[in-house]
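Novice: Read top to bottom, the protein sequences are chains S, R, G, C, U, X, P and L. To convert a position in the first sequence, counted from 1, into my numbering, add 17. To convert a position in the second sequence, counted from 1, into my numbering, add 17. To convert a position in the third sequence, counted from 1, into my numbering, add 16. To convert a position in the fourth sequence, counted from 1, into my numbering, add 16. To convert a position in the fifth sequence, counted from 1, into my numbering, add 1. To convert a position in the sixth sequence, counted from 1, into my numbering, add 1. To convert a position in the seventh sequence, counted from 1, into my numbering, add 170. To convert a position in the eighth sequence, counted from 1, into my numbering, add 170.
These aren't lab readings, by the way, just hints derived from the structure by calculation. Among the clues, some could well be false.
What the hints assert, rightly or not - Calculated pairs, DSS-like style, for lysine-lysine (alpha carbon to alpha carbon, straight line, at most 27 Å): (1) X:K84 - X:K140; (2) P:K379 - C:K214; (3) X:K153 - X:K30; (4) U:K123 - R:K56; (5) P:K398 - R:K56; (6) G:K376 - U:K66; (7) G:K255 - C:K380; (8) X:K140 - C:K266.
Stated by the list, open to error - Facing chain P, according to a computed beta carbon distance under 8 Å, are these residues of chain R, among others: (9) A24; (10) K33; (11) Y58.
Cβ coordinates follow ideal geometry from the N, Cα and C atoms, glycine included.
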Amino acid sequence: MAKIRGAVVVDVERCKGCVICVNACPTNVLNMSKEVNGKGYSYSFMENPEACTGCMSCSMVCPDVVITVYRMKVG
Amino acid sequence: MAKIRGAVVVDVERCKGCVICVNACPTNVLNMSKEVNGKGYSYSFMENPEACTGCMSCSMVCPDVVITVYRMKVG
Amino acid sequence: MGELRLMKGNEAIAEAAIRCGCDAYFGYPITPQSEILEYLTLENPEPKTGMVVLQAESEIAAINMVYGSSACGKKAMTSSSSPGISLKQEGISYIAGAELPALIVNVVRGGPGLGTIQPSQSDYFQSVKGGGHGDYKLIVLAPNSVQEQYDFVALGFELAFKYRNPVLMLSDGAIGQMMEKVELTDYIPRLTNEEVIKRTGSWATHGKPEYRKHNIVTSLNLQPEPQEQHNHHLQAKYKEIEENELRYEKFQCEDAEYVFVAYGTSSRLCQKAIQLGREKGLKLGIIRPITLFPYPSKPIKKAAKKVKAFLSVEMSAGQMVEDVRLAVNGKRPVEHYGRYGGMIPMPDEILEAMEELIAKVEKKAQKKAEKKAKKKAEKKAKKEQK
Amino acid sequence: MGELRLMKGNEAIAEAAIRCGCDAYFGYPITPQSEILEYLTLENPEPKTGMVVLQAESEIAAINMVYGSSACGKKAMTSSSSPGISLKQEGISYIAGAELPALIVNVVRGGPGLGTIQPSQSDYFQSVKGGGHGDYKLIVLAPNSVQEQYDFVALGFELAFKYRNPVLMLSDGAIGQMMEKVELTDYIPRLTNEEVIKRTGSWATHGKPEYRKHNIVTSLNLQPEPQEQHNHHLQAKYKEIEENELRYEKFQCEDAEYVFVAYGTSSRLCQKAIQLGREKGLKLGIIRPITLFPYPSKPIKKAAKKVKAFLSVEMSAGQMVEDVRLAVNGKRPVEHYGRYGGMIPMPDEILEAMEELIAKVEKKAQKKAEKKAKKKAEKKAKKEQK
Amino acid sequence: MTEEIIIAGFGGQGVLSMGKILAYSGMMKDLEVSWMPAYGPEMRGGTANVTVIVSQERINSPVLKMYDTAIILNQQSMDKFQKSVKPGGILIYDNNGIIHPPTRTDIDIYLIEANKVAIQMKNTKVFNMVVLGAFLKVKPIVNLDDVDKGLKKSLPERHHHLVALNEEAIRAGMEAVKLQQKAQ
Amino acid sequence: MTEEIIIAGFGGQGVLSMGKILAYSGMMKDLEVSWMPAYGPEMRGGTANVTVIVSQERINSPVLKMYDTAIILNQQSMDKFQKSVKPGGILIYDNNGIIHPPTRTDIDIYLIEANKVAIQMKNTKVFNMVVLGAFLKVKPIVNLDDVDKGLKKSLPERHHHLVALNEEAIRAGMEAVKLQQKAQ
Amino acid sequence: MVTIEDIIKEENKVFSKTKLLTDKTFSYCPGCGHGVAHRIIMEVVEEMGIVEQTIGVAPVGCSVLAYDFMDVDMQQAAHGRAPAVATGISRVFPDKYVFTYQGDGDLAAIGTAETIHACSRAENIVIFFINNGIYGMTGGQMAPTTLIGMKTSTSPHGRDLYNMGFPIKITEMVAQLDGVQYVTRQAVHTPAAVRKTKKAVKKAFENVKNRKGVSFIEIVSNCNSGWKMTPVKSNEWMEENMFPVYPLGDIKG
Amino acid sequence: MVTIEDIIKEENKVFSKTKLLTDKTFSYCPGCGHGVAHRIIMEVVEEMGIVEQTIGVAPVGCSVLAYDFMDVDMQQAAHGRAPAVATGISRVFPDKYVFTYQGDGDLAAIGTAETIHACSRAENIVIFFINNGIYGMTGGQMAPTTLIGMKTSTSPHGRDLYNMGFPIKITEMVAQLDGVQYVTRQAVHTPAAVRKTKKAVKKAFENVKNRKGVSFIEIVSNCNSGWKMTPVKSNEWMEENMFPVYPLGDIKG
Ligand SMILES: Cc1ncc(C[n+]2csc(CCOP(=O)(O)OP(=O)(O)O)c2C)c(N)n1
Ligand SMILES: Cc1ncc(C[n+]2csc(CCOP(=O)(O)OP(=O)(O)O)c2C)c(N)n1
Ligand code: SF4
Ligand code: SF4
Ligand code: SF4
Ligand code: SF4
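Take the sequences, apply the hints, and build the full model.
Specialist: Structural data, given as C-alpha cells:
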C-alpha cells in the first residue's frame, strides 16, 4: 500500500506565532520555535516531520496564510 | 322589554364628509347632507333618527372624532 | 435650437439627468424636491437609456449608493433638501476624501431643524465651508433659473469628472417648484462600460483585469504623513479649480454705484429691485456668483474700487455676506439683507434695504465732506485772521 | 483645593460629567474619544449618582437620545469624533432649532472621509459656521488643556441651560489622548425631578400636570412667517450670547508686534513658539479664542491697531483664519500656518512661519519707507534744481 | 410687454393648471414665461395661488408684491390680493362665494361668473378655462392659437380630445366676462 | 526647571506606563506635568513613544521636536529620536537589540542594560522601572518618595503590593546606569 | 314618544371626545385612520389616569402635528429617530409612559436601525406603527411596506420587485427580538377593529407600567389621498389587499 | 528514505497562498479569523475565474485594510454603509460579483438599516458578516452581538440585560426577508469548519451568477485581542460560548 508523506514550509518571517496550526495538526507535526523571528514572534516549525501526511489541516486554519503544503505518494 | 334608543350629534363644522360613519352604522341611521359646511364638505346627519340605537359604531370609526353619542332606555 | 418645454426646476434636473447620460440616481423623498425622484420613476429611463433610478431607504443610504456607483467611474447623483443633506455630510466628506465624481443637489428649505418646506438659502455655509468634517471643498453651482437647473446637471458631471470631486448644486424651493421655459439638449448616450473603463480605468473599480493592479477607492490613511500629503494634493486641486472654474455674472454693473451680491433665487429678486431702482434713477447693479466655490472674490474685490457699497442679499440670516466681506477686505461697506425661515424677500423690500444703505453711506460721505469743508474753512479763516 | 489627578483629556470629560450632575451620556465608539464611554461604563455612575450611560447603536441614535433627554430638561451629552459628528448634523440642527440644552463633544481627527485617527482641527467650519442646515449657532468651547476639558463640561451645561442652546466642545485627538494634572471639583448631585421641573417646567416635557398646558418640543413651523419669527428669536439669542459669553485669553500681548491667533492644541504649540521667539528677541504674543462662537472679533480688531500682523495657526488647511480676517477687516496682514491630515505642527516650525511673515511685512514696510524716502529726496532734488 | 399675474383661489379650482396653460401659451408665442406656485401644506385642501409672468424680456423676479392683473376666485384670496394690484391694473373675479366684492377704485374690475358658465356647459371641470377666457379677452397677451398649442403641450396625449372642449370654455369665458368698473 | 523627555521603544516595553509614573511622580512634587503619547494603529504591536514634560512652570506645548532627554529602547526609536536630543542634552538607552549605538558627540550618553538587570531580578515586567531608575539617577527631577506616591496613585489598589518590587527595580536601575560618553 | 331632544341630554351621553384631544381640527385628510388612532391612544391615557406620566414622540409624517392634537407633553422627532428619542426620554424618566407614533416610511425605512435597536434593548416604551403602505405627508411616495404592484408617486408603474424589492414585514421581524414583550397588528377602520385596537393599546401601556420592555402595535391604516381612493373605498381596498400581506392579530405576547 | 527535500517540490505542492492575496502581511492580530476568511473568499474568486468581475466593499473595522490584502478591485466604505455602497456598484454593474465584508458592529449596529434594506431589495450581492462579538478595531467595545455577561471595554462589568439589551441575531432576522436567497452561519477555526465555509462562499458567488438576490454568510469568529485570550483559547471559548447563541449551519436556501 502506498503511503502518503507530506511536508510543510512555514514562511517564518510572516508567522505570528498564534499556535493555531500546532493545535490543528492531527498528527502533532508542528510546534513553536524557541527563537523569535524579526517581528518578535516565535514561529511554527515541523517538530516531527515524519508524521506529516500533507493533510493541509494547518494551512486551512493558518490566519496568515504562511504555510505551504506538499504531499507525495511514497513506496 | 325595554327598548334602547340612541341619537348622535355631529359637529357639522368639523365633519370632513368622509362617509365612513354612514358606512359603519348598522341600522342605516346616517347619511350625507346635500349642503356643505364652511370648509366645503358635505356632512353626516341622522337621516333615520328612529333607527339609532346609540351603538357608537359611527363614533368609533369617525376619524375626526366629531360624533357625540347619546343613549337611553325607553319604555 | 432644442425642444422647448415648460418645466418645474425639479423636473428639469431629472430630465437633464436622463439626457446627459447619467448612470444612476439614488434618492429619498423630501419636500420640496420629491419631484426629481417622482419624475424619474415616471419616465423610468432604465429600459430606454439604462439609467438606474432607485429610491433608497434613507438619505444616508442614497449618498453611499452614489459613493459605490461613482467609485465605479459611473455618473451618479442624488438629491435632497436641507435636513436630508445634513444627513449626507459624512458621505459627502467620504466622497470628497476619496476623490469621487458625483453630483449632489440640495433644494434648500427653511431651517434649522425640521423648519419649513418653503424656500431658503440658509445652507450656504454648509455647502461652501464644509458641513462635513475635514478640509475639503465641493464645487458649488448655484442656478437661478429652471434652465440653469437643467444645464448644471451636465455641467456638474463634467466638472465632477474633470476634477474627480463632488459637485453640489445649491438650489432652493423656489427654483425647484417654479416653472420656466427650458431648452432641452439632445440625448447623450450613457458611456458604455468600455468607455467608462477607458475614462476611469486608472482609479475606478470595474473588476481588475490582468494588465493592471487592483484599484482601490478609499479615504483612509492610517498614518498622518500620507494623509497630509493627500490633503496637500486636495488643496492643490482646489486651487486649480479656483483658477479655472470661476463662474459669475455681472448685470448693470458698468455704471453702478451700489452693487448687490446675490445668488440663486435672490439674484432674480435683486434684478427686479435693480429695475425698480433704476426707474427711480439709482445706479444699481449686481454681481451674481454662479459658482459659490470657487467664489468670485477677485471680481468683487475689483468692483470695490469703484463701487460705493455692497449689499449681500440672501434668504438667510447672513452667510454669504462673510465671503463678500472677505473679498472686499474692508475697502467698502458691506451689508446684508435677508429674509429667512422660508420667507422670500420681495424686490421692493430689497430696494428699500438698498436705499437705506445708500442713505447711510451718503450721509457718512456727506459728513466727511462737511468736516473737510469745515476744516478747510477754518484753515482759511485762520489764514485770513493772520 | 480639590483632588488632583493625572488624567487623559477624554477621561477628564467623563469624570467631569459624573461630578457635575450630568443626567445622561449617549455615545458610540470612535477613536480618539472612545475612552469617554469606556471610562463612564467602567465607573458605572448609575447606581451611585443616577447618571445614565448608554452605548447607542450609532452616532445618529446617540444625538437623538440626547434630544429626547434634554427635551425633558435633563442634562444630556454625547461625544464623538469627526465622521461621527458629521452624522449628527441633522440632529444638531434639530436640537438648535428646538432650543434644547445639550452638550456635544468633538474630539477631532484628521479628515476628510475616514482620514486618520490623529489629531486635527479641521472641523472648525463645521462647528462654528454650521455643519447642519439652517441659520443656527452652537456655543463652541475650545479647551486647550485637560483641566479645561474637565471644566468645560460643567460650563457647557451651564451655558446650554442658560440659553437653551446646544454647546459644542471642540477638542482634538491630542488633548483627548494626553494626560495632565486635573483638579477635580466636588460631586454636585443631579437635580431631582422636582428641581428639573422647576427649572424647565415652562418648556420641557415631564408629563403634563393639571395646572399647565401641554409642553411641546419641536422645530417645525408649517408656515414660513412663524418660522421666520422663530429665526428672529434665535438670532436675537445669538446676539445676546455674543454680548455675554465671549471668552478668550491673551498671552504676552502687551508689547507684542506680531500676534498668533490659535485655539486648542495649536494655542499651546504657539505658546512654545512664543517662548522660543522671545528667546530670540522677537516680540510675539497670542490671542487664544476660548469660545469660537462667540468669536473674539472685537479684541482682535482692537489688537490690530498696534499689532503689525497676525498669524492664524491651525491644524487645518485654513479655516479660522477667515474669522481673523473678518475681524481685522483689511487693517493688517493676516496669514495662516497649518499642518493637517493628522499632523501636529512643531513649535519651531510655527516660529519659522512667523519669522517668514515678519520678514515679509518688514520688507514691505522697508520698501514703502524707501519709496517714501526716495520721493522725498526727488522732491528735494527738484526743489534744489529749481 | 411684461404681464405680471396672480391667480388665486381654492385648491381644487384648477388655479395651478390654468396658470400652466397660460404660461405654456406664452411660450408658444416665443415669450418668456415664469410660473411660481405658492406651495406648502396649505396645498392640501386650502388655498392655492400661482404667479405667472409673461414677457418679451428675460424675466427677473418670479415672485412679486404687486401685479398687473389679479385673478381672484375666493374670498380669502380677495382679502389677500386685492391690494396687490398695481394702480391702473386689472382685477378679474368670480363672485361665487365672494362676500365682500372688490372695493378699489383705481383699477379695472371685471366679473366672470365662471362657475355659472361651467355649470351651463355641464362640466365644472372647465371652470378654470372659462376664467382663462375671461382674462384673455381683457388682456389678449396670447391668442387662441397659442392657447391651443399650449393646451396640447401641457395635456398628455390621451387627453388631447379635451382640447376642443377647453377651447369652447375659453370662448365662453371671453363672452361672459363683464367690466364692472373702470379705474377712476 | 523644565525637563522635556521622550521615551520610545516597542509596544510591550511599558513605555507609556513608565511615562505615566514619571508624570505622576512629578505631580506629587507639585510640579506641572504633561504626558502625550503617540497614539494610533501602530500601538498594536509596533512602536510606542510618549513625551513627558515636568516643569515648575505651566507647560505650553505637550509635543516637541527637541528634548532634554531621550530614553531609547529599540533601534527604530534610536534612528528616529537620537537627532532630537538638544545639544548638551542626555540620551539614555538600553543596548539590547541596538545594532547602531548612538553616535552623537554633543550630548551625554548613558547606557542602561535594563533588560539584563530585569532578567537578573527574575522579573522582566520591571524592565521599565529599571529604566526609570536610570533616568532618575541621571536627572533626579523627582525623588524616590515622589515616585513611591506616584506609583501608588497610578496603580490600582490591588496592585499596591508591587510598589516595593518596583522601587527595588528603580534602585537597581540607578545603580546599573553607566555614563558612556560625556558631551564634548 | 321620545324625541331626539329627550335623548340628547348630558346624562345619556355615552360617547364624546376625550379631553386629551385638543380642540384643534385634525390636519388629516377626510377619512384618514390617523384620527382614530390618535383618539384611542388618548382615551387609554385618560382612562388609565396617566397623563402626568405620559410623554409622546411624533416624528415627521402626516402625524408630525400630533402634538397639536394630543393634549399630553410631546416631542417632535427627526425622521426615523423616534425610538432613539423615546429611549432618551425613558432612560432619564424611567417611570414615565413614553410612546412613539410613527409611519411606515419613518419606522421601516430611514428608522430601521433605531426601531430594531430600541426593541432589542428592551426600552420600556410603546411603539405605535401606522402602516398605510405609503409616504403620506410628502405626497404619496412608495414606502417599504408598499405592496407589490401598488402605484405610488415614486412607483407610478406599480411597485416592481426587480427594482424596488419586497415589502418589509418589520413587525414580524421585531417580534423576533428578545427585548420585545408584546407585538400585535390591528386596524381602526371598523367598530370591531377599533375596539380590539383599544384593548391592545391598554395592554401596551400596562406593559410599560410593569416594565416589560417594548410593546409594538402596528395599525394597518388607509391613506386615501396617497392611494387616490375615497375613504370608504380605501378601507375596502385595505381589507382586500393589505390584510392578506399584513394579517391582523397578535404576533407575540 | 524520502527526505523532506524530496517532498518539497513544486510538483508536490498541494496548498499555497492564492495569487489573489497580495504580498502584504495581514494587519490582523495573531490568530485572528479575519485572515482565514480573506483567504477563502479570494480562493473562491480565483477558482471561479471571476476576478475581472469582482468588486469588494470593506467598511471600517479591523478589516478596513482588506483592500491591501485582497487583490481585487475594492472600495472602502463608511461605517455601516457597505450594503448601500454595494447596491450602488451592483446597480451600475449588474453583471459583477459584488461582495461586502463587514464586522458585527458595522453590520448589526450602525448599519442595521442598510443591511436590512439591501436584503429586502434582493440586491444581487454577497454579504460576509464576521461576527466576533466585539468592536475589534476601536479597542474591544461592546457590539450588538456581544453575549450577555461578556466583558468588553464598554461593558467592563459584563454586558447586562437591563442597561444594554439583548444580543441581536441579525442573521436570523435577515433570513426572514424575501429578498434573501441564502443564509448560513459558519466558522473558520478548524479545518472542517473552513472547508464548509468555503463551500458556502462558493454557493454564494454562484448565486450572484444566477442573479438570485442576496447571499448572506455569517462567520462566527474570534477576536483574541478584544476577548483578551490567546488565539487557541479564544477558539475554545468561541465554541463553548458563541456557538450556543449563534449556532452554525444553513438557515435558509
Ligand atoms: C431626513 C428627512 N428625510 C425626509 C423627510 C421628508 N419626509 C417627511 S415625512 C416623510 C415620510 C412620511 O411617511 P410615513 O412615515 O409613512 O408617514 P405618513 O405621512 O404616511 O403618515 C418624509 C420622507 C424629512 N422630513 N426628513
Ligand atoms: C461613523 C463612524 N463611527 C465610528 C467609527 C469607529 N469605528 C471604526 S470600526 C468600528 C467598529 C468595528 O467593529 P466591527 O464592525 O465589529 O469590526 P471588527 O473591527 O470587530 O472586525 C468603529 C465603531 C467610524 N470609523 N465611523
Ligand atoms: S497558524 Fe500560521 S501564523 Fe499561526 S503559528 Fe501557525 S503558521 Fe504561524
Ligand atoms: S366619519 Fe366623521 S368626519 Fe367622516 S363623515 Fe362621519 S361624522 Fe363626518
Ligand atoms: S395623506 Fe394619507 S396618511 Fe396623510 S392625512 Fe391624508 S390620508 Fe392620512
Ligand atoms: S482586534 Fe480582534 S478582530 Fe481585530 S485583528 Fe485583532 S483579533 Fe482580529
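Novice: Look at each hint and say if it fits the structure.
Specialist: Verification of the hints:
1. X:K84 - X:K140: Judged against 27 Å, a Cα distance of about 20 Å means the pair holds.
2. P:K379 - C:K214: Measuring from Cα to Cα gives roughly 25 Å; hence the hint holds.
3. X:K153 - X:K30: holds, 14 Å
4. U:K123 - R:K56: Holds, because 24 Å separates the two Cα atoms, which is no more than 27 Å.
5. P:K398 - R:K56: Answer holds: K398 of chain P to K56 of chain R is near 21 Å, not above 27 Å.
6. G:K376 - U:K66: Between K376 of chain G and K66 of chain U the Cα gap is close to 26 Å, so the pair holds against 27 Å.
7. G:K255 - C:K380: Cα-Cα ~26 Å, so holds.
8. X:K140 - C:K266: violated, 34 Å
9. A24: Hint holds; A24 of chain R Cβ to chain P Cβ min 4 Å, cut 8 Å.
10. K33: Holds, because the Cβ-Cβ distance from K33 of chain R to chain P comes to roughly 4 Å (cut-off 8 Å).
11. Y58: Holds: closest Cβ of chain P sits about 7 Å from Y58 of chain R, inside 8 Å.
The earlier numbered hint that this structure contradicts is number 8, and it is the only one.
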